[in-house]
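Engineer: Okay, here's what each chain looks like letter by letter:
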Amino acid sequence: MTAHIVIIGAGQAGVQTAEALRAGGFAGAITLLGDEPHGPYHRPPLSKAWLAGDIGAEQLVMRAPEALARKNIALRTHTPVSAIDRAARQVKLADGSTLSYSGLVLATGAAPRSLPLPGGAAQGVLALRSRMDASAMAERMAMCIEKQLSVVVIGGGFIGLEVAATARKKGLRVTVLEAAPRLLGRVLAPLLSDWYAALHGSQGVHLKLGAQITALETDRQGAVSGVRLADGTLLAAGLVVVGIGVSANDQLARDAGLECERGIVVDACGRTSDPVIMAAGDCTARRLPDGSLLRLESVQNATEQGKSVAAALLGQERPFTATPWFWSDQYDKKLQMAGLSSGADQWAVRGDMDSGSFSVYHLRAGQLLAVDSVNASRDHLQARKLLDAGVSPTPAQVGDAAFDLGTLLLK
Amino acid sequence: MANITYIEASGQATTLNLPDGWSLMQGATANGVDGILGECGGSCACATCHCYVDEARLTDLAPASDNELAMLENVAAERRPGSRLACQIKATAALDGLIIHLPEMQE
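Respectively, the protein sequence lines represent chains Y and B. Numbering-wise (my numbering), the first sequence opens with residue 1 and increments by one. Numbering-wise (my numbering), the second sequence opens with residue 1001 and increments by one.
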């Protein structure tokens, strides 16, 4: 059989894999299957510029069809996959046809978790993942503006807070409900959670931490009308945004008998438990040398795993071992994170938090784990280098603005 | 509106007429110009839309923000005096006729 690599998923990881295969000299056929009606587009602007109505569909395009065609990458949109037959090395499409592969890449992404509460599926209860999701949310926001209805955001994570910021920019009344005692509690240091709570408060967001929701109320037409809290409070809403995390789209892989646990389990090179099947991006869970699983949901993870997977298909080892990084834009604040902060026991601040430009360094037993920078891109880029090199500043060095942390890299 | 000419590392030149407000990165990706990736979607977070602006025209552009200047320290190809991130340059009439060169690599 001639070489044919089929990539399921035409998002960041899928496109990266296809292009990296060509850049790596792969001369066989490449088919990129997307289940959405449009070609590859950028997701990061969806919660910001797209939702705000500042940009049009053309400005969201990640790769124009002609750019993919020039690289002989066959893009098929609107083409969902229904099953993988590993024995026959075939992908079954939803229309009943099949595609044979010599190598298969799963880049199926993730899907927002739905709210497991009464009314959780009512009209006007929306999550944000795809361009269509974001368009539906923008329409609902327009209705809320017209009818003077409020927006309630469930979940004080990145998506929820970015949507809250955009909604405020449109002049909507916004309440953010977070079950935990602080915002972004899994990733940020407590003092930065407090800083973000204050930021949203100063922008007019009503924030409720430790919120317990019992149900979503609906009107006679079945549309959401409010959020009921455990203390009996009813928050009226014309739009309820659900941002309580995502689950990996690993059903195809599970059905095909591939090892899955919180995602499609892959090694550092993106290989699954089948030697001719790879996976990249939000759908994966990476098995670390200590046996634990690492799930990353980020553009960087998608592009890095895409490159690793392409290399693996070409018989090369290209493990993704670089320091993870991520960012979130809220109002005029750019948060850039490097490293993984889990397990930190000490935090040190560089810069003045009141000035709006500073970084928080996470340490564990003196070792640098992660750095979160707000409007401080130089700190962020330097942090990636420190983390890549395994170099840790002391808390005193972090706090001393006159001390150049870069000198630690010279030793 | 502005006519912007993109010259890829291969020498391939493409002139696009960009509406006001479009970033030069968006123009490239929407129209299939190779050599600009824009992995972060235009958030000034990845430095993969590096371009070289004709130095004589630099003053026609809004100056780079601190964030952009910092990200420019992280570009894959050589940083030059005309280095900018294409996602941070918005088309306006003042940019008409601008020529940008694209580097050989973005990552």
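Hints in this document: simulated from the structure, not taken from any laboratory. Treat the hints with caution; some may be incorrect.
[Stated by the list, open to error] Covered, in the sense of this in silico footprint (three residues per stretch, anywhere, with C-beta under 8 Å from a C-beta of chain B), are these stretches of chain Y:
{"hint": "1", "region": "39 to 45"}
{"hint": "2", "region": "200 to 210"}
{"hint": "3", "region": "329 to 337"}
{"hint": "4", "region": "368 to 382"}
Even glycine gets a Cβ: it sits at the ideal position worked out from N, Cα and C.
Engineer: For each hint, tell me whether it holds in the structure or not.
Structural biologist: Tested hints:
{"no.": "1", "hint": "39 to 45", "verdict": "holds (count 4)"}
{"no.": "2", "hint": "200 to 210", "verdict": "violated (count 0)"}
{"no.": "3", "hint": "329 to 337", "verdict": "holds (count 3)"}
{"no.": "4", "hint": "368 to 382", "verdict": "holds (count 5)"}
Comparing the model with each earlier hint shows a violation of hint 2 alone; every other hint is respected.
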